Each structure stands twice: as structure tokens, then as C-alpha cells.
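These are the residues of each chain, in order.
Number of protein chains: 2
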Amino acid sequence: MELIETLQWRYATKKYSSKKVADDKLERIITAINLSASSFGMQPYKILIIENPEVRKKLSAYSSNPQITEASHLLVFAVFDSIKQDTIKRYIELIAKERELPTESLKVFKERALNGLLLKSEDENLIWTTKQAYIALGTGLIAAAAEKVDATPMEGFDAGHFDELLGLKEKGLKSVVLLALGYRDEVNDSNARLKKVRWPKEDFVITIK
Amino acid sequence: MELIETLQWRYATKKYSSKKVADDKLERIITAINLSASSFGMQPYKILIIENPEVRKKLSAYSSNPQITEASHLLVFAVFDSIKQDTIKRYIELIAKERELPTESLKVFKERALNGLLLKSEDENLIWTTKQAYIALGTGLIAAAAEKVDATPMEGFDAGHFDELLGLKEKGLKSVVLLALGYRDEVNDSNARLKKVRWPKEDFVITIK
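Order-wise, the sequence lines are chains W and B.
Here the first sequence is numbered in this note's numbering, starting from 1 and rising by one per residue.
Here the second sequence is numbered in this note's numbering, starting from 1 and rising by one per residue.
Errors might be hidden in some of the hints.
Since the list gives no way to pick out one identical chain from another, each pair is judged satisfied if it fits inside one copy or across any two copies.
What the hints assert, rightly or not - Here are the simulated lysine-lysine pairs, BS3-like style, with alpha carbons at most 30 Å apart:
no.	residue 1	residue 2
1	Lys-195	Lys-84
2	Lys-25	Lys-89
3	Lys-14	Lys-57
4	Lys-148	Lys-171
5	Lys-209	Lys-110
6	Lys-19	Lys-84
7	Lys-97	Lys-46
8	Lys-25	Lys-84
9	Lys-110	Lys-169
Rather than coming from a laboratory, the hints here were simulated on the basis of the structure.
For clarity, every value in this text was computed on a predicted model and none was experimentally measured.
For reference, chain W alone in the conformation it holds in the complex:
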């Protein structure tokens, strides 16, 4: 399927059927998300895959989206609540290992990362990490559609309670956005039949020739 068709096919699914997403499809969606671009390439977030129905039920008390319990899988994008010296050190070591380079050769990159990231306030860090997670959300939406898996990006949830229920604080993480995955209930999801609406190109694009 061509990318534009893939994007035309997807929509924010409201009502899911009980059909489950197969493991290999989920794996490819996660692989695609993992390959997303990010500032410094650092991907300052993790993906939680919530399968447990009890946990999903508890989470659903803190969101008005029925997809939390009804979709096949629920992904939680959770950002690093701060960038620590150790995070940068681990990342530099990973690069050195993967690229078979001496750690010292990454000194300039390390300095830049330390200067750019350690100096951020908690609020600035949350904004920056969340932006990186949203690039990955964009990837996840396309990756799901490429697998003909329906998806719903969701911002409407109480992040504080999600973090508490998922033990994210202890992990140094904060939930920032959700992605439900599954299969549309074509009969009962009225959204499935709605025409996609986008700003017309003449309103959306400004060309400076």
C-alpha cells in the first residue's frame, strides 16, 4: 500500500471489535516506533504495552476514552522525567559499542548533549521529550496503518494517575500520550464512515519562491 493510501485509510477509531492484533504485527509497529528520529537520536522515552485487562480497567477510570479497555492493545508513550548524566553516558556507550568507536571519539557530541540537555528545567525537559515522543507517535500511526491495524491517538487522560498506576515515577518516566491499537468495529463505529477532513492545500501551504 502506498503511503498516501495508508494515510487515507487510517482514522481515529472510536469503537473496536474484540479481534486481537497478532504478535508479529505488534512487533513491527514497535520496531518502526523504535526507528523514529529524535533530537540527538536519543529517544528520551519508552513505550509501555499494556495488555493486562485489570490494569486497563484501572486506567480507564482516568480517561473518558473507551478505547483504553476496548482496543486490542494500549500503548503508553512515557518520557524520561529528566536527562541525567548517567542517561547521556549510557547513550554514548551504546553509540560507541554499535559503531565500534572509542568512547573518546564521541567527546564533542557528549559535550553538546550535556550542555544542551542537562541545563533544561523540569518543564523544558518535559516539553522537549514530549516533542520527541510525538514524532514517534506519528511513526506509530503510520506503522499501524501499514499493517492494516486500526489506531487511536489519545491525549485525554489524567497523566498523574496513569503514572501512579503504572509505577512510572519509580522508573523515571512520565506518560504523555496514548495509542490504542486493534480492529475497527465497522458496524458500530460511525467514525469509520466519515470523510476525512483536512485544510485545503491553499490554506495549509505557503510557498516562498
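For chain W, the structure is supplied; the task is to place chain B on it using the hints.
This is chain B only, laid out in the frame that chain W set:
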């Protein structure tokens, strides 16, 4: 090309050749970006395509990225600096027209949008609109790679000066992120040969079964 291969192929291009991106390819990249998901489906941003070399040269004074002038095209993602009653009205009218519905049938949706969006402070609005633009950035990166067009997402620029040079304030817009498009200079871009580094899955994914 499969999505995962497409994502493996792309990298943040440092050094571009002088080869230009063809109009039809650029058009498909823009179409894909326009089809990106967003909260309320509202896409509170526009895309500027900067072709003019004089403008690009002026902009380059406010970024240390040589791609600003060297890439084939420069895209500027610029968000709505506030959501006004009129923005929501225009959007509702667009939905009504596209879906051939009476405007009144969108009353509940309109109320939700008004309550959710008009109440945001200027800072909250910037954070929210920027997140939506980053979903589109994620789409743009994939769309470029799907066309075998190289790309560089860039956060390092002085947004205030960009806004001034591009007359964005008068348009009610604020630049938030850039995307250079073009073709890698394979010989002179050492990044082109670097192995892609990502957190291993066991560090990146937490499954709650």
C-alpha cells in the same frame, strides 16, 4: 519499499548535493503531511516551503545548520499562535461542507473545541500546537524517505528571527521546527555511513501482561 526498510534507510542528512527534489515528489510529501493526525483533526499549523535562496541565506544567519541553505528545499512548520473563535468556526464550516452536514449537527463537537482550545494560555497553546506539528514532522520524515528523498529535522534555530524574516507574526503563526529536503552528498556526508543507533528493545519497551 517496506516501512521498516524505509525507516532504516533514512538518517539526519548533514551534507546535501545540489540535486533538486522534483515537484511531484515534493507534492506527495506535502500531501502526506497534510493527512497527518491531530487533536480534534484541526491541524493547528501550516507548512512553509522556502525555495528562495535569498530568504534561505537570511534565515541561515539564525541557525548553525548549513542544511538551511544547502538542501534542495526547506520546510518550516509554523503553528497557529492562538486558536481563535474564528479558527474553530472556519474548521466547523469546512467539516460541514466536506461531509455534507448541517453546521448545527456539529454543535457538540464545536462546544468541545471551544472549551478545550479557547481556554488555553499562550504557552499552553504553543505546547499543544507544537505537539500536533511534531506528529506531522514524523509523517514528513517517512514521506520523504518513501520518495527516496533525504531529510533533516532541525530544532536548532532562532524562532523569533525566523518569524520576523518570514512575516509569520502578521499571519498569526510561529515557527517551531524545520525539515530540510534534498539528496545526500554521499561522498562528503560522513553521517551517511554511520550505523543507526537505537535503544535495544529490552530498554525501550515495557510490557505489562
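Exercise for the section: Check each numbered hint from earlier against the structure, then list the numbers of those it violates in ascending order. Expected result: The structure breaks hints 2, 4, 5, 6 and 8; every other hint is satisfied.
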